[in-house]
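Residues in the sequence shown are numbered from -14 upward in steps of one, following my numbering.
No lab work stands behind these hints, which were simulated from the structure alone.
Computed from a predicted model, the values in this text were never measured in an experiment.
A hint or two may mislead.
Under the rule of at most 30 Å between Cα atoms (straight-line distance), these lysine-lysine pairs were calculated in the DSBU-like manner [unchecked claim]: (1) 99 <-> 9; (2) 54 <-> 33; (3) 11 <-> 146; (4) 9 <-> 137; (5) 33 <-> 9; (6) 54 <-> 38; (7) 146 <-> 99; (8) 11 <-> 137; (9) 146 <-> 32; (10) 32 <-> 11; (11) 54 <-> 137; (12) 54 <-> 6; (13) 33 <-> 146.
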Amino acid sequence: MLVGVISDTHDDLRAVDRAAKVFKEKGVDIVLHLGDIVAPFTLARFKKNSIEKLIAVFGNNCGERLGLKRVADEHGYTITEPPHVLEIAGRRILMLHGWGPTEHTRRLVESFAKSGNYNIVLYGHTHLVDVRRINGTLIVNPGEACGCLTGKKTIAILNTKTLDVEIIEL
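When you get a sec, could you build the whole thing from the sequences and use the hints?
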């Protein structure tokens, strides 16, 4: 199964449009958003771009949580507090956003990976691409879709069968 992974859109609608186009071209089955969508209109934009399956976690900049929840419900999406655990194609996946300094988030992610409870740990918040393995657990941060900190707008495609990850610059 192909999973589209995106984080830190920060209301950049053009980035959402471009990411959705890539996800459709690549044939992803579901999109996982790792937080900082920010406003409800940004979440609705995924549906406008024909993204049918989307699961998201709130980020530290998602202030309008009730509005995001309402839009998610209207479009058949799920948005929840992190961390969120799900299973896709037999893989146990942990989704979280992160908070505080980059090193704090990285240590938290590494602890989850070292626990052995997950096949995949997905996170955002740092705006930095991170693809690596710890004790057999795949760790992925797709970077930032908005490009506001690094100047690079990136997303990821995850193959749950092979655990290959492709980072794509928008």
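Hint check results:
1. 99 <-> 9: violated (33 Å)
2. 54 <-> 33: holds (17 Å)
3. 11 <-> 146: holds (15 Å)
4. 9 <-> 137: holds (21 Å)
5. 33 <-> 9: holds (13 Å)
6. 54 <-> 38: With a Cα-Cα distance of about 15 Å, the restraint between residue 54 and residue 38 holds, given a limit of 30 Å.
7. 146 <-> 99: holds (21 Å)
8. 11 <-> 137: The hint holds at about 20 Å.
9. 146 <-> 32: Given pair residue 146, residue 32 holds - Cα atoms ~26 Å apart, limit 30 Å.
10. 32 <-> 11: Status holds; Cα separation ~17 Å.
11. 54 <-> 137: Given pair residue 54, residue 137 holds - Cα atoms ~28 Å apart, limit 30 Å.
12. 54 <-> 6: holds (24 Å)
13. 33 <-> 146: Holds, at roughly 29 Å.
Violation of the numbered hints given earlier is confined to hint 1; every other hint is satisfied by the structure.
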